[in-house]
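There are 2 protein chains.
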Amino acid sequence: MRAGIIGTGLIGRGWATAFARAGWDVSIWDHVPAVAASALSSIKTALDDMAAVGLVADPAAAAARVVVADTLSEAVDGADYVQENVPENVDAKRDVFELLDKQAPQGVPVASSSSTIIGSRFLSGIRGRDRCIVAHPANPPHLMPVVEVAPSPWHADAFVGETCRLLASIGQVPVVVRQEIEGFVMNRLQTAVVNEAVALVARGVMDPADVDAVMKHSLGLRWSLMGPFETMDLNAPDGFLDYATRYGHLYQAMGRDLHVADAWQNDTLQTIEDRRRRDTPRAAVGERMRWRDRALMRLMSLKNEL
Amino acid sequence: MRAGIIGTGLIGRGWATAFARAGWDVSIWDHVPAVAASALSSIKTALDDMAAVGLVADPAAAAARVVVADTLSEAVDGADYVQENVPENVDAKRDVFELLDKQAPQGVPVASSSSTIIGSRFLSGIRGRDRCIVAHPANPPHLMPVVEVAPSPWHADAFVGETCRLLASIGQVPVVVRQEIEGFVMNRLQTAVVNEAVALVARGVMDPADVDAVMKHSLGLRWSLMGPFETMDLNAPDGFLDYATRYGHLYQAMGRDLHVADAWQNDTLQTIEDRRRRDTPRAAVGERMRWRDRALMRLMSLKNEL
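Chains as they are written, first to last, in my numbering: chain W, 1 to 306; chain E, 1 to 306.
Bound-form chain W, shown alone:
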């Protein structure tokens, strides 16, 4: 199987890593050739790091399956699946989908990594828009397997099914967003937490670092193993409905008291920035990012074992 990866920033590199790990051949292309070239070494490093925690058996062979194409056309030649990762911009998406639809093999799904732009904003004028769809990954895709497969008004169900099947076959976890909605689901849930967290700092309720502590030492632990519904299901003797009956009124009352729609104030943002720099000085950020990626790999490995 062969994947064509268009755009090789962080997301494109992650996709290439995920496909190569699963045994696919991968052609990558970027409109800036140097970016595509530098992606190769990033992909190799990611595969080596994953091999160190048992997530890839033969990282050298996987890395060797990734090649840089000279043109977009060459990148999608013979592809069984195409994933677009150009900048988050309606015109850029529209332009590249015009080209991809013309040049990708007939009958092959062409997916966008769009995280904030719904498909109908850039797919309306595409002739083969029935095979074009959003497949929004988490960042980075090779370490967080969920992919939101989101329809446009013109998608064909067969391509949704085929996209899900292919993504599952490489070890990703496809989920279907059944209607076009701003932010799909992942970013809506993230926004709910982030906006309430910003408001709590703005209102002087808690120090920013302590808000982070609440998440990573309680809610985040549960949610890394099971989502909100399963968490509730296992927290009442007779399951989710029992839980909702006991505590639903509290959730609904508190929901009306949340401040997720408050505007962000500059002084609040500065307070958070200052606290972050106190805990992780500028010079230590790179090391912390590497820690995060290694930690995600260890966590992925633990979850596989569980």
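Keep in mind that the hints are not guaranteed to be accurate.
As the list makes no split between identical chains, a pair holds if one copy fits it or if it spans any two.
As a list, the in silico EDC-like pairs of lysine to aspartate or glutamate whose alpha-carbon atoms are at most 20 Å apart [stated by the list, open to error]:
| hint | residue 1 | residue 2 |
| --- | --- | --- |
| 1 | K44 | D25 |
| 2 | K303 | E287 |
| 3 | K303 | D293 |
| 4 | K102 | D80 |
| 5 | K303 | D49 |
| 6 | K303 | D279 |
| 7 | K102 | D130 |
By construction, these hints were calculated from the structure, which means they are not laboratory data. Please read all numbers here as calculations on a predicted model, not as lab measurements.
Following the hints, position chain E against chain W.
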């Protein structure tokens, strides 16, 4: 050091486990003697399970430090710290705090595990209310270390400091809620996610199991390692403020589009319950709960290593 644990349901047992693990003597008491007696074997099992993943060195010695007191008075006799865990009910909390304030040694913090009732609702008439405070744990406290230390209008700062010091000394992670607020912080962040998730199911956007998948295969993974602010800080080249400048308008626009204040509908709740039973039949729930607890222990062990 000695802890007095009042009320030995799931939360009280977890607190006893946490204190015993840290080398404290623990006296537990429940107004139903059989509940306190059964707590002993739960605590022993939890300590054995934790020992199996390296979280306790000598589980038998730790379990032997926990004794059942015959009376509330005996449970707090000689205590350096008292933690109340009676049912979530204003009258029950008020009554037990009347007794605890009279019988706990002078100068010792008396803390409530209250998760939904702010301190001013049950502490106003307590003579020693300056030493009474909410110390709201995650559930269970021995596996999720964060504790929200929440003031009442009458707390003395010295007791807040002492409570935080003692909790940190046993390996918990105390965070201070600086003003009385419904749901403290943990439950507000949980509500933000849960309510938007329920609304997404109600609106037909996504299957409930897929909502759980989005959380546990993306957001939850990041948030188990770092909270929302650190996550954002590491996702832009120049840190949190850079991230907020690039994407803040999207968060604010989406925040206005969230449905966290929607009322819950019975058919939505039934849809979620049905889907949960399809994935985890009633007969398999007990095994899944044990899986969850073992998984949390493995995760705690991994985080210690990281």
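Checked hints:
{"no.": "1", "hint": "K44 x D25", "verdict": "within (14 Å within a copy, 53 Å between copies)"}
{"no.": "2", "hint": "K303 x E287", "verdict": "between (24 Å within a copy, 17 Å between copies)"}
{"no.": "3", "hint": "K303 x D293", "verdict": "both (15 Å within a copy, 14 Å between copies)"}
{"no.": "4", "hint": "K102 x D80", "verdict": "within (15 Å within a copy, 75 Å between copies)"}
{"no.": "5", "hint": "K303 x D49", "verdict": "both (17 Å within a copy, 18 Å between copies)"}
{"no.": "6", "hint": "K303 x D279", "verdict": "between (28 Å within a copy, 18 Å between copies)"}
{"no.": "7", "hint": "K102 x D130", "verdict": "within (13 Å within a copy, 74 Å between copies)"}
Consistency note: the structure conflicts with none of the earlier hints.
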